[in-house]
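Q: Read off the chains here:
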Amino acid sequence: MSGFKERADAALADPILKIAVERTTGTAETKRMIAIDAFPDFEAARTRAAAIKDHVIAHLGAYLEQFEANAIAAGAKVHWAETADEACKIVIDICKAAGAGSVARSKSMLGEEIGLPHALAEAGIDRVETDLAEHIIQLADERPSHIIWPAMHKTREQVSALFKARHRSPHEEETIAAMAESARRELRTQMLGADVGISGANFLIADSGAVCTVTNEGNAELSLVPPRVHIVTAGIEKIVPSTPHAIHMLRMLARSATGAALTQYTTFYTGPKRAGDRDGPDAMHIVLVDNGRTKMREEGLAEMLRCIRCGACMNHCVVFRQIGGHAYGGTYPGPMGAVLTPALDALAPNRDLAHACTLNGKCQEVCPVRIPLPTLLKGWREKSWREGLEPASIRAGLGLWAWVAMRPRLYRLGTGIAVRALRLLGTKGWIAKLPLAGGWTRDRDMPKPAARTFMAQYQKERRP
Amino acid sequence: MTKNVALFVTCLVDMMRPRIGFAAIRALEAAGCAVVVPEGQTCCGQPALNSGDRDHAAALAKQTIAALEPYEAVVIPSGSCAGTIRCHYPEIFAHDSVWLPRAQAVAAKTWEVMAYLDQICGWKPQGVSVDARATYHDSCSGLRELGIKAQPRRLLRTIDGLTFAPLAGEETCCGFGGTFCVKYPAISNAIVGEKADAIDATGVDLLLAGDLGCLMNIAGKLHRKGSKVRAYHAIELIAGMGDGPAIGEEA
Ligand code: SF4
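First to last, the sequence lines map onto chains U and A. The first sequence begins at 0 in numbering that gives the first Met the number 0 and counts up by one. The second sequence begins at 0 in numbering that gives the first Met the number 0 and counts up by one.
Treat the hints as calculated values from the structure; they're not laboratory data. Even for Gly, the Cβ is constructed at its ideal location relative to N, Cα and C. Some hints could be false.
To be verified - Computed far set for chain U versus chain A, every beta-carbon distance over 12 Å: (1) Lys88; (2) Arg142; (3) Glu171.
Unchecked claim - No more than 27 Å apart at the CA atoms, straight line, and that leaves these computed lysine-lysine pairs for BS3-like: (4) A:Lys148 to A:Lys227; (5) A:Lys227 to U:Lys427; (6) A:Lys182 to U:Lys4; (7) U:Lys382 to A:Lys61; (8) A:Lys148 to A:Lys123; (9) U:Lys163 to U:Lys17; (10) U:Lys382 to A:Lys182; (11) U:Lys30 to A:Lys148; (12) U:Lys459 to A:Lys2; (13) U:Lys432 to A:Lys227; (14) A:Lys224 to U:Lys17; (15) A:Lys108 to A:Lys61; (16) A:Lys182 to U:Lys432; (17) U:Lys4 to A:Lys224; (18) A:Lys108 to A:Lys2; (19) A:Lys108 to A:Lys148; (20) A:Lys182 to U:Lys17; (21) U:Lys4 to U:Lys382; (22) U:Lys76 to U:Lys294; (23) U:Lys95 to U:Lys272; (24) U:Lys76 to U:Lys95; (25) U:Lys88 to U:Lys272; (26) A:Lys224 to U:Lys432; (27) A:Lys224 to U:Lys427.
Generate coordinates for the entire structure from the input sequences, incorporating the hints supplied.
A: If you want it as structure tokens, here you go:
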């Protein structure tokens, strides 16, 4: 796979991507702002949300055990998976034991993280993605580019073309209503015919053993209730102590993500169908997935486990808005992805992610659970430096510069020479081409430095 | 009461635009401060810190702390460098019982220049006039690490003849980001391109901001695209030095 820079360059060269990303993130930004303005004491609510998550993450084991006991009491089966592969194997074994020919999947980032779509395909199990955006992604054979709007990189025109090519009886019109209708026709029968429904979880509620999912399309309900078996895959950090805690987090999640007060559908699933229930699956399985989370907690990334996957950080990120989600190369894009991907994958191939950030702090400002994303990104930069992953040229350059900067008199001499040399490159106040930082001057000019440094002028005359 | 103030001159101000340092001195003196430029200062270490080179960052931080310790206050014409000393020095020495208190003491008395003039000195420029329409870009570190937003506007509003146009996305990063703009020039350029367009769309004469890094980035883009908007550090206008050359103009 190509590197971050190549992917970013490709994204920058794609004018349609730019339009598509800006449309969605721009709207999300505006709507979030309106929603937050109307929220009484949002800052206090953020503090509380962060505290709830910190508390459960500090006592993860105890809450997970409580959840497990209550989920079992409600009739669910609970499985524990250490790794992504283990999680996929558990899901596939359940599907096979159920004799499943097809599964209906309701969008879950954890599913993407553990590679479940791919694993299902390898096991020969047909999969229907029931979330509209995931359906688009499945048709296009791509990966999600955003955690809330997986197909945000596609324009309506592109989606329409895709539907026309791939749906069995698509409409000719390009209206949203016609396209939604076409997707509905395509998906409904497949959803209702599935043997197994697979979902993620937005929250796992410890004191009731319930699993909470939110969607805006109702696709989770439609794809999880009719099948015989419901499988939930959830990261262990999704736990909250009780329903009121979940409700607080939901209010933060919906407003931060889309600016809505709540998502259209919020459902709590507690165990499979009981005697006397009219519908529901015969069996419910919950797969609790670690996949590096315990390690993150131990290695200084506990704050990242607060993340409730709202997407606000990426919607407000200047870099994300220029390059879109695919450039990040992992399951999770944007600032949160830049922190998570090296933890889930490895630092060496992803060291660019921590650097491709201006440290402007906007992501931290909007994060509903106050994750210090810039600080965590700087943590990766430090680790990368310590482990010798940074390019030799940068190490040498910074080392030399620091060595000189530690010697004020030498530093003054050096800066004096530097400004004189730089001035030779300029004409009429501007430098149009810099030798070592050609990237800067490819698309912008560099102002010419002063004839003499501040320090030189100040020491000589005390005045300009 | 005169205040004994150390001026920390950032690397960029030192090399690229000394006028900003002199403007800071002029304004601080007008506000009743006795200004000293400590000899021992060079760079606050931010490039090393942001590159992950903690050892060099700590070494430079120690040098800077030692140079600035003797003064009543430290004033810096940059929200970014002030933010490094105020917010990040104590983090660097979080586990160093000797240097942590020293870092905290310097952090506590370090100020961005416009915040210092406004909040501590309660000073306003007098008899300064500039006949122009301006817009203001809020640089990220100053804004988010130090809460600098109203202070420069309060100071600038007392300048005669200066009127303001709001800037769409005034709190949005310009894509400078220290070494970011050199490491990822294409992404940085795309970001600053939008910033420059937004500034041009206001129809103003002047772009003002509180950090030379952002200003160089934005002014460089404006110049390349042939815009007529001229850029100054806000302290230059506040100090009555707005009649001098703008960034990129020959004196
Ligand atoms: S890091 Fe914060 S803003 Fe980003 S997705 Fe997670 S909770 Fe939302």
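Q: Holds or violated: Lys182 of chain A and Lys17 of chain U, Cα atoms, limit 27 Å.
A: Answer holds: Lys182 of chain A to Lys17 of chain U is near 21 Å, not above 27 Å.
Q: Holds or violated: Lys108 of chain A with Lys2 of chain A, Cα cutoff 27 Å?
A: Distance of about 12 Å is within 27 Å: holds.
Q: Grab the minimum beta-carbon distance between Lys88 of chain U and chain A and tell me whether it stays above 12 Å.
A: Consistent with the label, Lys88 of chain U stays out of reach of chain A, its closest Cβ about 37 Å off (over 12 Å).
Q: Verify the proposed pairing of Lys108 of chain A with Lys148 of chain A, using a straight-line Cα cut of 27 Å.
A: holds (19 Å)
Q: Given the proposed pairing of Lys88 of chain U with Lys272 of chain U, does the C-alpha separation stay at or below 27 Å?
A: At roughly 25 Å apart (the allowed maximum being 27 Å), Lys272 of chain U and Lys88 of chain U satisfy the hint.
Q: CA of Lys95 of chain U to CA of Lys272 of chain U, is that 27 Å or under?
A: Roughly 21 Å separates the two Cα atoms, so the pair holds.
Q: Between Lys224 of chain A and Lys432 of chain U, does the CA-CA distance stay at or below 27 Å?
A: holds (15 Å)
Q: Is it the case that Arg142 of chain U keeps its Cβ farther than 12 Å from each residue Cβ in chain A?
A: holds (21 Å)
Q: Given the hinted pair Lys224 of chain A and Lys17 of chain U, is their alpha-carbon gap at most 27 Å?
A: holds (20 Å)
Q: Assess, step by step, whether the Cα of Lys108 of chain A is no farther than 27 Å from the Cα of Lys61 of chain A, and give holds or violated.
A: Roughly 16 Å between the alpha carbons, so the hint for Lys108 of chain A and Lys61 of chain A holds.
Q: Taking only the CA atoms, is the gap from Lys163 of chain U to Lys17 of chain U under or equal to 27 Å?
A: holds (24 Å)
Q: Please work out if Lys76 of chain U and Lys294 of chain U have their alpha carbons no farther apart than 27 Å.
A: holds (25 Å)
When held up to the earlier numbered hints, the structure conflicts with none and fits them all.
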